[in-house]
Amino acid sequence: MESNDIVYLLPLLVVMIGAITMMLLSTFSSVSIKKGAYYSLMFLFVALISNLYNLNSSSEIYSSYPYIGIFKKMIIVDTYSGYFSSILLFGAILTLLIGLQYLEKHKEFTVEFFSLFLFSVLGMMLLVHVNELITGFIALEIASLSMYVMIGFQKVLDKRVEASYRYLVLGSLAGIFFLLGTSFIYAVTQTTTIGEIGEFAQNYVGTDMPLLIIGGTMILITFLFKIAAFPFQNWVLDVYDGAPLPVTAFMAATFKIAIFGFVLRLVLVDFDSIRDFWDDMLFVITIATLAYGSFLAIIQTSIKRMLVASSIVHTGYLLIAFISIGIIGESAASSIIFYLVAYFLSAIGAFGIVSFISSDERLRITYDDFKGFAHVYPYRAAMLSIFMLSLAGIPSTIGFIGKFYIFTAAIEAGYTILAVIGIIATFISVYYYFKLIAIMYFYPSPKIVEDVPFSGVGSITIGLITILIVWGGIGNTLISYFPGVDFLIDMARLSYESLFIR
Amino acid sequence: MDFSILSVIIFLPIFVVFVLLALPVGAKGSRNAAFVTSIMIFILAMTVYLNFEFSGYMQFIEHHEWITSYGIYYSLGIDGFSLIILMLIATLIPCAFLLLWNGRTKAYWVNMLLIQSGITGTLFAQDLILFYFFWEAMLLPVFMIIGMFGTGNRVFSTIKVTVYTIMGSLFMFICILYIGVSFFEEFGVWSFALQDVVKISSFTRSEEIWLFFGFMIAFAIKIPLFPFHTWLIQTYSNSPTGGVFLLSSIMAKLGVYGIVRFVMPLFPDLYIEFAPYFVWLGIFGLIYFGIAALMQTDIKKMFAYSSASHLGFIVTGIFSLNAYGMTGALFLIIAHAMATGALFLLVGKMEYNLKSKNISDLGGIAKQAPIFTLFFMIMLLCIVGLPGTNGFVSEFLIILGAFGMQASAGIVSALTVLVAASFMFWMFQRAILQDTDNDTSNMKDLDLKEIIGLAPIAFLIIAMGVYPDWFLFKIEPTIQHYLVDILQIKAS
Amino acid sequence: MADSLLSYISLAMILFSIGLLGVISRKNIFIVYMSIELMLNAVNLIFISLGRYYESMEPQVISILIIAVAAAEAAVFLSLIVVLYRRKRSLDSDIFNILSQKSAS
Amino acid sequence: MSSFLLSWIVLVPLLSAIILGLLYLYSIKIKKLSNKVFAIFGLTSPFISFAIAGLFFIQMLQDGKTIHYEAYKWLGVGSYNVSMGFMADNLSIFMILFVTFVGGLIHVYASGYMKDDEGYGKFFFYFNFFLASMLLLVLADSPIIMFIGWEGVGLCSYLLISYYYKDSENVLAGNKAFIANRVGDFGFIVAMITMFYYAGANGFDYVSLQNSIGNVPIEIVTYIGIALFIGAVGKSAQIPLYVWLPDAMAGPTPVSALIHAATMVTAGVYMVARFHFVYELIPNVGLVIAYIGAFSALFAATIATKQTDIKKILAYSTMSQLGYMFIAVGLGSYSVGIFHVFTHAFFKALLFMGAGAVIVALHHEQNIFKMGGMKKHTPVVFFTMLIATLSIAGIPPFSGFFSKDEILLSAFASGEYLLWGIGVLTAIMTAYYMFRLFFVVFFGKNSSEDRHIVELPKSILIPLVILAVGSILTGFLGVPELLGGTNLASQWLSEWKNTSLHIDHTTESVLMLINVLAALVGIFIAYKKFYKYDMTKVPKFSGMIWNKFYIDEIYDVLFVRSIKRLSSFIAMEIDIKIIDSLLMGLSSKFISIGHLVARVQNANTRFYAFVMLCGISLISIYLIIELR
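As given, the protein sequences belong to chains A, B, C and D, one line each in that order.
Per the numbering used here, residue 606 is the first one in the first sequence, and the count goes up by one each step.
Per the numbering used here, residue 506 is the first one in the second sequence, and the count goes up by one each step.
Per the numbering used here, residue 1003 is the first one in the third sequence, and the count goes up by one each step.
Per the numbering used here, residue 138 is the first one in the fourth sequence, and the count goes up by one each step.
Hints are not guaranteed to be accurate.
Label-pair ranges, simulated between beta-carbon atoms [claimed, not checked]:
1. 715(D) <-> 987(A): 37 to 43 Å
2. 690(B) <-> 723(D): 32 to 38 Å
3. 1068(A) <-> 1090(C): 20 to 26 Å
Some chain C residues judged to face chain A by a derived CB distance under 8 Å, without partners named [said to hold, decoys possible]:
4. 1010
5. 1036
6. 1038
7. 1045
8. 1067
9. 1068
10. 1071
11. 1101
12. 1104
None of these hints come from the bench; they were simulated from the model.
No residue lacks a Cβ here, since even glycine has one placed at the ideal position from N, Cα and C.
With the hints as extra help, turn the sequences into a complete structure.
In structure tokens form, the structure reads like this:
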């Protein structure tokens, strides 16, 4: 149905137009940061609404190649991509809302930042929509390149520039492996379209396809790099630490979702017949990632670095479910999606709130800076505590449900040992997450009390995230007409199914 | 059921907490609200008690879907065993509030209410995930209350206890998931409800052993059993009065409750197989902790060891596989909760007045505070297991139970009459009696409110010692119900 | 035909390895950048030789796309090099290490 | 007469105790009450109990039936039921009568003795509570209920020993008593539980136990018997658990009289008699009991000869007399043992009360060598004490003679001549140390004549006189047939009589003569050494006997200190240095590894690329291995 194609692509188009518009707007000095943010938010909202419309209009799951004449099968629009795009757009909106105050406060940010921001959102959305490897690479690069610049946007700060540089060098390096893998795959299959590679692999199943496997492995390396799995995790601590807080939040929460969105599609559709080849490798990588992240997180004194290091551990949890895909595709994939949402909410909240509490006179960086924080800023402390609890996976938060799905999937797939290792990492994480709560609450309030504003959209947004986290952990038992936890996981299942409509 | 009373019992405190947080209520208002809430819960619990039918099965069942895709239910229910603990909680908490009346902040009361919710939730949950949910959620307010209002090196010890207990419960979590997955693999549908998962028959022996110990570690840390007890001493010593009261008198018992509620029906074979080891472990704990308590200089540490000692004894009763041991353990749960709870409250008062909990700094309190001493003595006698208090009934029954399992276990466990008496009376001499040159003139005697708070506890301790049967008849069918299953398996 | 493909791919792999080694061993940021470009072009070479081998236009298009991406990357890279040089007056990549764990703690 | 009144024998003092306790709290907290209020409750309750018991006694004299009353089901678990039951049979009613009677008199005595004490109300609360527990112990119809009373008296004993709690020595003595008793209780509980398991199927009251004990294997019965006896040893202060009794004299003198002489300490004897059906099956254990009793008797008598504290002498003499009782019950002559309990209650209570009177008169002086010449100051006390001393020494026709004679007789008749020999030797020593005390206190020459002697109130003197009369008369309840008596006590307790012993009258009269002679010898030695003793020449005390054979010190090293050391070891070493440091060590090791790992984060781009390359290489190696 040609008429629908434009509607299907509307979200992407809106974001793209938004990005370009913002770029143009940035030349006008009359457009302040605030205005810029609101304009970009408007675009994002429109995109989100159109996206939700797509999701909602078809009660069934759907899958279609829009403008197949022009794009061939490069771009796909299905429930899966719609679901992911919604999450990404939602994440982008939240990031902007929370980060607005930060961006306003730091003078280096200009309206171009929003253009880059929207471009990176576009790249990510494209990443979950692509059905072809080279397009995937381009999408990845769109997102990454804007990200490099966003990280180094405050170019007067050494650490921003350094982070940007490191990410750029290592990111490009990893990107090249993606291309290398693609070339190998092309060499075997003569195609880079996702469904067709899968068909090829399906047809030649049984015969060994070393080049296809090597190519797949190369792509996996890029994937592992981007999600910061061991041994490609070194950059993450530096880059996330060096980036401005809103960007860190955006990267940690949203980028990972997009990457997973792409790789899940690739692995589920294309590498279905060969993916058990990587099981042993991923097994070791998962354990190493969990261990490395735990080691790193437990020794951090800076909150930001701790959050970043712990994101490596969360990558480990995701990898646990990622391995299980081989055996139980549906529940593992949906558990990954759910966990991504859970992590995204908690992380964006945590990073966001940390960005809110550094005042001009005093940067709150280390654990010690938070001593007695709760007595001065009770609401912020309570919210931060809830985010910590969610990250630690304590019941009554969405993080718990996420862990529940992940570990259930692992056990279902027979990887009980991984679940146990995940559990060990979890109780180590309890230490460093609870330490922050303890420090905030258990020390007397500091002598110097500076007034750090906590109002406006950002604070409301963080409050909303807090409610979402708790609601996601408790579910909809009480309010039956309101979508609950089930809704998220059911949605994830539907989107999983939509991958296989051909 | 139209009126889901168990849910109300669980969520009433949480609701009150929200109201308190929303309104600008001060410490006094919060305290009054907390007290009224606890009284209301007592009334509700009484309603449950009176409507409780004389049978061994689950009652007041509430069953709703929670996370349907994974068969997680919001499933509540109560049987004789949980009923008696519910009554204990409902009775003890208002009494305790009366003793904690002055000098607490709003945050304190909020946390106390949250703990109460967590405890009752844990008690009623009939779904493994729901149980775990409350079990872990309960930890948070405890964490807060110890950390915020504790003394000494509280931050460290709070984190230590939290990480430690979460470690245990996370292993249980994995086991719960494993059970759920096994149920799915065997029956093709997801369910974590206890009534369903007990039907699983596909476990191999090694699987069962892993799962059994996964559960046991969680409960052993909470109880605590040797050698998982090291968190306890520091935590009890650093906790504020209310926190240590709840920890010792109620939360530790939930570990035992968990064994009975979950481990026993899920792994009856292993339960029987390992029962002798746990009986001996319990007895070992009884004596080991009892001896360790003797030389403690910190009165709270001494009670911590004493508490651990008795909990070991409760475990002995639970694992003795006969009605005496089980009943005795249940009785000791009550007796110990009352006596230890009240003792900690009294010690808390002492600490509050005298700013010291070191035995050598105390002494001569009897002269200053005779009513205080009277109540202290009654609680102490209950701990010591003097006939006429419920402490004796429970000790007697547990010894009987242990004897029924192994004669030697019964004889060694009878040493309990010596263990507690030796350190308790020595402590009593040095801390309460005597006339020392230490300044204990700040010690105030109990006021009327505190007497009203302690009198029901003291009364129950004695009443249950004088006429235990009256308190037993409601739980008798439950105990028999548990035992019928166990004994059938034992026979086969 | 297959032989020549192998030769081309071998050449590409050699270039790729040189690039990789360059990234690892060279301190100068410019050389690092050049090494990355070298690697990209090695991949391009593979694609183009594959295009010849399969007699298909697709790889050619792909390599053009890659070049476009590389150009975008170059823009970012070069501007970053300028910024870096301004900050430290040096192009030694090793001196940018304020984000290390040691300086963080 | 309805049987529920039986429970009121216990309830009356119990209620009175509760009222007293509340009144006392009222008195100290709100408004001070006069001593009379307490005295009204405290003094009437024993006599009401006595009256009720008397009614039952009369009834039983008429119909001879055992009265049984079950108040309620105490505990029912599984198929076993234990009732809160009371049973008045010949033995228990006999005990009840003299316990309430002597107890009542001591209450009266205490009302005078304690009149200046602050805690007057508290004292009577304890006293009444003690009486209630003691009566429960005696009246109970099953071991468990007996145990409630058993522990109740132990608690009261503790409370009353540490009555003057401000002095840590007293509290320590209380603790010692309680712990030593608890060691005994351990035995009791073990015995009880074993019995419960092996013989409790048809009910757990004495009658049912008696019926079903026959089916229990004899080894188990032996074991029950020994365990029960451990309980008795603890309560009745026999070797090796006697150490608490001398220290227990730290309490007020009425306490010593009531609890540590007349009633509580004899509970062990009562218990053995109560469980006669067990011991009848295992005569060997009985023999062991008899020997322990005999040695305790001799041992205590030996120590008593060198003591200077008047109450300690009496305490050792109590222990010694209890030894006699155990000889009797050990040999199966329960009625004889109980009879000695009975007579002993009178004369020992009298001795303590007399001693207490002297102590009060001398402003709480307890050293006999600081007394002297009390004959002229306290004539009533002198006469009553004389009667009591003669009685304990075994001079006819005072009560002690009859009961002790019977014990020695049954020892001889059983063929245990060693026991008999020890008994006679102890009798000599008893006479000796008692008259040593008597002579020193009442005839000793005290140079310091200027001391002020407190006037003794009537409430102290009247009970003395009544008990003195009792000490003379009670003996006549057990006049042996040889002397033309009918031995009423023995008849009443016929169920507990050892029927297997027979001895011809000639031997019996010879033995009787020997006993009297032995007493006379003891008195004679005492007379020689201590009559009109010059207090200025107080001998220096040292040596084994004066130091009580160093048993306290040995116990201290063996048990107290080693357990304390073990406790410190557990708490400080095992818990902290091993278990906890293992955990903390693990976590700190983890953190130090974390620091090591974090060195990789050196912010060197080239190094990071290198790490990546290493990772890729490893993955490549994996590929090569897998694809090969």
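Quick check on residue 1036(C) please, does its C-beta sit within 8 Å of some C-beta on chain A? Because about 12 Å separates residue 1036(C) from the closest Cβ in chain A, which is outside the 8 Å limit, the hint is violated.
Hint check: 8 Å Cβ-Cβ cutoff, residue 1101(C) to chain A: holds, 4 Å
Mind checking the CB of residue 1038(C) against every CB in chain A and telling me if the closest is under 8 Å? This hint holds: residue 1038(C) lies near chain A, its Cβ roughly 5 Å from the closest one there, short of 8 Å.
Can you tell me whether the CB distance of residue 690(B) to residue 723(D) sits inside 32 to 38 Å? With a Cβ separation near 35 Å, residue 690(B) and residue 723(D) satisfy 32 to 38 Å, so the hint holds.
Holds or violated: is the Cβ of residue 1067(C) closer than 8 Å to a Cβ in chain A? holds, 6 Å
Holds or violated: the hint that residue 1104(C) contacts chain A, with Cβ atoms closer than 8 Å. violated, 12 Å
Close enough to count: is the Cβ of residue 1071(C) nearer than 8 Å to one in chain A? holds, 5 Å
At the C-beta level, are residue 1068(A) and residue 1090(C) separated by a distance inside 20 to 26 Å? Given about 42 Å between the Cβ atoms, the range is violated.
Would the hint on residue 1010(C) stand, with a C-beta cut-off of 8 Å toward chain A? Status violated, d = 11 Å.
Does the CB of residue 1045(C) sit less than 8 Å away from some CB of chain A? holds, 4 Å
Taking the beta carbons of residue 715(D) and residue 987(A), is their distance inside 37 to 43 Å? holds, 40 Å
Checking hints one by one. Is residue 1068(C) an interface residue toward chain A, by the C-beta closer than 8 Å rule? Holds, because the Cβ-Cβ distance from residue 1068(C) to chain A comes to roughly 6 Å (cut-off 8 Å).
This entry does not satisfy hints 3, 4, 5 and 12, going by the numbered hints stated previously.
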